[in-house]
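Here is what each chain is made of, one letter per residue.
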Amino acid sequence: SQQGEEDPQALSIQEGENATMNCSYKTSINNLQWYRQNSGRGLVHLILIRSNEREKHSGRLRVTLDTSKKSSSLLITASRAADTASYFCATARTGANNLFFGTGTRLTVIP
Amino acid sequence: EPEVTQTPSHQVTQMGQEVILRCVPISNHLYFYWYRQILGQKVEFLVSFYNNEISEKSEIFDDQFSVERPDGSNFTLKIRSTKLEDSAMYFCASSDWQGNNQPQHFGDGTRLSIL
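Residue numbers (our numbering), protein chains in the order written: chain A, 1 to 111; chain B, 1001 to 1115.
Hints may be right or wrong, so weigh each one.
[What the hints assert, rightly or not] 25 Å max Cα-Cα, derived SDA-like pairs, lysine to any residue: (1) B/1057 x A/50; (2) B/1057 x A/96; (3) A/70 x B/1042; (4) B/1042 x A/75; (5) A/70 x B/1103; (6) A/26 x B/1044; (7) A/70 x B/1102; (8) B/1042 x A/73; (9) A/56 x A/86; (10) B/1078 x A/41; (11) B/1057 x A/94; (12) B/1042 x A/10; (13) A/56 x B/1101; (14) B/1042 x A/84; (15) B/1042 x A/45; (16) B/1057 x A/5; (17) A/26 x B/1041; (18) A/26 x B/1047; (19) A/56 x B/1103; (20) A/56 x A/71; (21) B/1042 x A/106; (22) A/69 x A/9; (23) B/1078 x B/1039.
Simulated from the structure, these hints should not be mistaken for lab results.
My request is simple: use the sequences and hints to build the entire structure.
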């Protein structure tokens, strides 16, 4: 199975703090993507990092990728109450487009 | 910003009945996908579709499932004879012509409830 596993499963922080979520996967990948899902809604793409990249930034998001450890992390800085959601990592294996999703981290940001 | 739209938002169907879930992908996208998420579980890949044919499918996508692009805008998922375990959120997604290394854009999903 290629699915990623995120940890922690749940994270509760105060507004303004940083949140870090981790993802591990099992097979070779072409890229790794992070998505956000608000309750009852679809998945919103946040950031994509290719297998030959080690770090990527987008606004308050910072993603790292360590292919030797088959792991990635998502850092959300200066969190806001609106960041409350579930966050999923998803991997695309080499030569394929379909995504394998992890179990997700449920982030709660307390105002 | 263009988005993927799915209808209906909620479908309630008797076990054994056929159901068709509809999706309108983003207009210039060429890769289409269906995923499902059983309540409280992971999002699972079902099928991908490119150039009017299935490019990949998972073990979940058995003979009860089929996909179609009946015209230039719609992309449908049909379940021929629904089972209780088909109850889930079904998400459609699309990505642009480069496919690989491109983000997938998801709709808000159809909640399918089998009674």
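Q | Hint check, failures only | A | none
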